[in-house]
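Heads up: the sequence lines are chains L and G, in that order.
Taking my numbering, I'd label the letters of the first sequence as residues 505 to 737.
Taking my numbering, I'd label the letters of the second sequence as residues 3 to 405.
Accuracy of the hints is not assured; some may be wrong.
[Stated by the list, open to error] Stretch by stretch, here's where chain G covers chain L in the computed footprint (C-beta under 8 Å, at least three residues):
(1) 523 to 537
(2) 639 to 649
(3) 717 to 731
[As the list claims (entries may be wrong)] Here are the simulated lysine-lysine pairs, BS3-like style, with alpha carbons at most 27 Å apart:
(4) G:343 with G:368
(5) L:627 with G:165
(6) G:135 with L:670
(7) G:159 with G:135
(8) L:627 with L:648
(9) L:627 with L:645
(10) L:670 with L:648
(11) G:6 with L:645
(12) L:526 with L:729
(13) L:645 with L:690
(14) L:648 with G:165
(15) L:645 with L:670
(16) G:165 with G:153
(17) L:690 with L:729
(18) L:690 with L:670
(19) L:729 with G:159
(20) G:135 with G:405
(21) L:648 with G:6
(22) G:368 with G:405
(23) G:405 with L:526
(24) G:135 with G:153
Because the hints were derived from the structure by calculation, they are not lab data.
Think of the CB as a built atom: it goes at the ideal place given N, C-alpha and C, for glycine as much as any other residue.
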Amino acid sequence: MKHGENVVIDAHELVKTYDQDKIPVHAVNGVHLHIERGEFVALRGPSGSGKTTVLNMIGGLDRPTSGRVVVNGLDIGTLNDNQLIDFRLRNIGFVFQSYNLIPVFTARENIEFTMLLQGRPRKEIDARVDELLRGMGLWDKADKRPNELSGGQQQRVAVARALAPKPQFILADEPTANLDSAAAFKLLDTMAQLNAEEHITFLFSTHDQRVIERARRVITLEDGKVVDDKVNA
Amino acid sequence: MLLKLAWRNVWRHPGRSGIIVAAVAIGLFASAFLMAFYQGLIEQRIASVVRHETSHVQMHHPDYIADQDPVFRIPQADSLVQMLEQRPHVRSVAPRMAFPGMLQSPTGSTGLRINGVDPDREDATTGLRSALKEGDWFSAERRHGILISAKVARQLKVKLRGKVVVMAQGPGGDIVSGAFRVIGIYGTINGPRDDANAYITRSDAAEMLGLGDEVHEIAVLLDHSEAVGPEVAALRAALPGLLVRGWSELSPEMRILVGTFDQMMFVLLGIIFLALAFGLVNTMLMAVLERTREIGMLMAVGMGRARIFGMVVLETLLVVMAGVPVGALLSAIAIGWGANKGINLRTWGETATQFGYDPHVFPSMKLYHALVILAMVVAISLLSAIYPAIRALRLNAAEAIRK
């Protein structure tokens, strides 16, 4: 585990308990995490180990039963629902397993979406979107809608959307799960390059060995607990 | 951005949106046409009542109304009529001797109201001459002529040129009578009223009742109906000894009828709008529920509740607004056609005439009513959007994304 002033995400004793047929189920059971700025971290573990739940709590999509998540020194548990939405808009980029693009928007419109929500100036938006489209190899797909793109292209659009407003960190839930090897490697290369160039912190849940091998730090979850945290050689 | 997103969402399922557009268009058309039809029906009925029955204003002796006793008369009628004819908004004045009487023929008798009229003034005020179906109008040469309805003629088994005797109570309480010849058979669109009225000249009535320059009733036709209120007020002030009433007081059944129609319209429009609201709620709810994951993603990436709510409301408004021009165009064409050609209710029988309605209805739509319907459609669509929008807001982003 790492400690320092550069900590972006600081999760303390995270516990998440669900009631399943009135029987409490501990999806996450006392997780500690410290992620520093610019890290490229994989959260691995078998299905049901609590990866997605941890990501949801860090991203403010779900509230922990106990414990707290501190992002850049702010305990996000103190925010109400509306404040949390605004917090996510201004600090976190999300990449989902099923891409989750807006089907009625083109690639360009999907990428600029969060910047528009933030109310950024049009000029800044256009420059940033152009930069991302070129960087992601999507320039010629800018005016295509998601259903006209391959899975890999859609996921790159999703990553570009997450990166567009230059968030504090990106949470990616199984980003390569629906991609073939070529598309997965291309996506990982792009993410690694952006991590290096823009110093954006990446935290992704995965059980994809290809992702785990590319990560610089791998945290292993089992039964809702961190069982291993190591830096890849 | 929100508008672009909402607009494109609307057309994700063109078939479904098309059905809603059609529903809005049909709902709007049905509401507007129904309202225009009833408006036309009522306006024509009121115009008919005013033109052929009550006129805009009537004056009586204050006690005449209770029992129509010929003893209660308006004195110095001719000078009063001349004074009224000088008033700026007065188009024509019809003085009448009006009293209950009995009409007898050799084979039958019937009770009705006898109207002793100045023929030219009566025609100018009520258009009675144009209601003649058979025979001739009054003339100075031919005295003791009477106009009756076709039904009364049948009842009395009397034909044109046939003789009848009019019997009535004179001003002194005695029974007076006079022989008259049927010079004309008349008929307006109000059959029951025609059967309850017969017309003779005022001079013949005066002779029979033994009266001079006196009448029982003075009917006044104005140049437009908006002048009724001020004119009634002015005449009441100028003629304190007379009972002066406007058409709505003279025909309270019309006032009730207008109120009843208003209520009926309210119920009918309510049913149409309720059906529209159910359709909209269902469609928008379906649109929200099938996009659960997408809405969850929008929330996750930072689209606030107000924007999510706004998106659903905008989608509803846009689909409604797409239907409004279609409905408005359909309504304009149908109402315009109806207003020009008229809708003939005789196709469905003679019921309209039996109740005193013109069987040829010309739909009429006031701008105010059109705006009210439009505002109601917009209000209904906004209200219909609330529940689906609330359902969207209730979604939990983390759970929604997993769906």
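**Asked** Which hints, by number, does the structure contradict?
**Response** 1, 2, 3, 5, 6, 14, 17, 19, 20, 22
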